[in-house]
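Asker: Listed below, chain by chain, are the residues.
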Amino acid sequence: MLALIEIKRRKLQFGLVTGVVALISYLIIMVTGLGLGLNEQAGTGLLSLNGDHLAYASNANLSVIRSRLTEEHVADIQAAPGVQQGTPVGYIAVVVEYAPDESNTAATLGVIPGSFAEPAVVEGRQLSAPDEVLVDRAWVRLAETGIGETLPLPVGFETRDFTVVGVVDQGYFFFQPTVYVSLEDWQGLAYQGDLAGRPAASIVLLQGDGIDSMRGEGWEVVTKQEGFRNIEGVAAQQSTVNALRYMGLLIGTLVIGVFFYVITLQKVSLLGILKAIGAPGTFLVTQGLLQVFLVALSGALISVVLALVTEATLLSSDTVPIAFNTRALVTSSGFVVIGGMVGAALSVRQVATIDPIIAMQQQ
Amino acid sequence: MGILTLRDVSKSFGDGPHRVDAVRGVSLNIGRGEMVSLVGPSGSGKSTLLAMVGGLLTPTSGEVLVDGADVAQFGGRERTRYRRDRVGFVFQGSNMVPFLTARENLLLVAQFGGADKGALKRRADELLEELELMPVANQLATQLSGGERQRVAIARALMRDPVLILVDEPTASLNTELGERVVDALAAEVSGRNKACLMVTHDERMAARADRLIEFRDGRILNDDRLDEGAASG
Ligand SMILES: Nc1ncnc2c1ncn2[C@@H]1O[C@H](COP(=O)(O)OP(=O)(O)OP(=O)(O)O)[C@@H](O)[C@H]1O
Ligand SMILES: [Mg+2]
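Heads up: the protein sequence lines correspond to chains A and B, in order.
Taking this note's numbering, the leading residue of the first sequence gets 191, the next gets one more, and so forth.
Taking this note's numbering, the leading residue of the second sequence gets 9, the next gets one more, and so forth.
Hints were generated in silico from the structure; no laboratory data involved.
Hints should not be assumed to be uniformly reliable.
What the hints assert, rightly or not - Derived DSS-like pairs: lysine-lysine, alpha-carbon spacing no greater than 27 angstroms straight-line:
| # | chain 1 | residue 1 | chain 2 | residue 2 |
| --- | --- | --- | --- | --- |
| 1 | A | 198 | A | 414 |
| 2 | B | 203 | A | 198 |
| 3 | B | 129 | B | 203 |
| 4 | B | 125 | A | 198 |
| 5 | B | 203 | B | 125 |
| 6 | A | 201 | A | 414 |
Claimed, not checked - Incomplete in silico selection of chain A near chain B, CB under 10 angstroms:
| # | residue |
| --- | --- |
| 7 | 196 |
| 8 | 460 |
| 9 | 470 |
| 10 | 477 |
| 11 | 542 |
| 12 | 546 |
| 13 | 550 |
Unchecked claim - Short derived list, chain B residues pointing at chain A, Cβ under 7 angstroms:
| # | residue |
| --- | --- |
| 14 | 59 |
| 15 | 65 |
| 16 | 68 |
| 17 | 87 |
| 18 | 103 |
| 19 | 107 |
| 20 | 115 |
| 21 | 120 |
| 22 | 234 |
All residues carry an ideal CB built from backbone N, CA and C; glycine is no exception.
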């Protein structure tokens, strides 16, 4: 096979071309990954909650931060038609001084232990007593607080020591790692003073059918995705992230297309020789496209490996949010390969129309 | 009717003030078994004429008939087959595929389909032997000397046993003795068979070994002489 022999005998040239493809593809993937990472930090903690709908206070404008529900609201929501299960969830952001002079905000969620709102631990055990806390992996990476250690959470002007009993994998909420305490402990963290009149929860996590957009006295229900989109700043952020992604894909694909177009055009004299001695057009096109396919595909694969290595490195440093999903990786690799092949196909087509003798003279 | 007939063939390049009339109304008939030399000053249109006969350039006007069919009228597929099966072209500057060895350059034509690969392999060995290329058969084209490259180009042209052998300056890098042997090999290839060879050369001694000598000037035939002392006969 001519295409393969050429790659084998011109390792340096093809290596460099593959390297360039890999770098461009890497760039596309990184833009996508950084965008997705930012998105994740905005609220995977909410998305990974184990329900399909959320009930907010109707005056909260779908903001978890501003939403406050009373006992009556919660009972009312739980009893609403179509609701199969409902459990209250509280939210408060607290600053945790996890080491002398080292502090970070934690998105603290209050859940009823044993309810479906309590995330499953990946390590340790579930909540069973007061003053216990589950911490997200992101928190462990950040503060290195392990199981059995204490986490001082602020209550009023004091702090109260919570014992870490389990580690969960729920992600971030509002760009803060999540931690989980019992709903009662959350009430203590969120509100001091008079017991009466304290909100019972921020939102209610629901499972049910046909409850989307349901409203009651002082509350409203939306899907979890709708709730995610309404997290402050997420909508604006998502459109920025998407614009970056699509621009990255578009420009990257174009650059690779033009790159292969030019590279193939440089082979015009070789293609002229082959045509002159009777190579059929289909032979030239298949060989040309096969070569580009192999180079673009290897470039794309190298970039995926690079991206995964970067992800692991960045994740362990925990300063840059980054995330990939298979779809994003497959999409960008697909665009790279297709862009390259289209570029090559266009130039092969152009070369095919030149008289071979003239093509041969264009060295 | 011979193997090749040209009827009032012309070729111009470019337009307006940049127009070059490379070939002007050439008519010619070449019969079976003929070895024909084409001589003429540089720029007189020899390569252009050869390219039109080989189906590599379309004439501006006129007919190029090979076995009665007009090459200029061929469609894409017919033209490819014509180049592949019926013409053996040795280009001026012996164009090799640089990243292939001498033998691979010969076997390249086996990848275009339409022939028995085993037979082509044997043919390649035969030709490498005949043109004294065996010692360099596995060297990359870029590592061959000019003369070796020219002989590889000739061997490649002969691979598919073409009816028409078109040769542009085959002996420029060869010493007299080797050049004569190459020309004689070409003459022997066509002599007495349903084949013909048209060879462009600057070397009078080489030209004189053909059966017929055509002199070209300014895109026209100046002289067309039958030679008695052709290579095939003596
Ligand atoms: N592709 C082209 N475009 C424009 N002009 C061309 C082209 N090919 C050839 N010519 C012109 O046509 C004329 C004949 O060229 P050709 O190559 O046929 O000459 P030649 O007899 O083979 O010369 P040489 O002995 O130097 O090889 C020249 O004036 C050349 O400049
Ligand atoms: Mg010439």
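Asker: All hints, please: hold or fail.
Answerer: Hint by hint, here is what the structure shows:
1. 198(A) <-> 414(A): violated (53 angstroms)
2. 203(B) <-> 198(A): violated (39 angstroms)
3. 129(B) <-> 203(B): The hint holds at about 22 angstroms.
4. 125(B) <-> 198(A): Measuring from Cα to Cα gives roughly 23 angstroms; hence the hint holds.
5. 203(B) <-> 125(B): holds (23 angstroms)
6. 201(A) <-> 414(A): violated (52 angstroms)
7. 196: Holds, about 5 angstroms.
8. 460: holds (7 angstroms)
9. 470: holds (5 angstroms)
10. 477: Holds, about 9 angstroms.
11. 542: holds (9 angstroms)
12. 546: This interface hint holds because 5 angstroms falls under the 10 angstroms limit.
13. 550: The hint holds - residue 550(A) has a Cβ within 10 angstroms of chain B, the shortest such distance being about 6 angstroms.
14. 59: With a closest approach of 4 angstroms, the residue 59(B) hint holds.
15. 65: Result: holds, 5 angstroms to nearest chain A Cβ.
16. 68: violated (12 angstroms)
17. 87: violated (9 angstroms)
18. 103: Since chain A brings a Cβ to about 4 angstroms from residue 103(B), closer than 7 angstroms, the hint holds.
19. 107: Holds. Min distance 4 angstroms.
20. 115: Violated, about 11 angstroms.
21. 120: holds (5 angstroms)
22. 234: For residue 234(B), the interface hint is violated, since the closest Cβ of chain A sits about 29 angstroms away, which is over 7 angstroms.
Hint violations for this structure: numbers 1, 2, 6, 16, 17, 20 and 22, all remaining hints satisfied.
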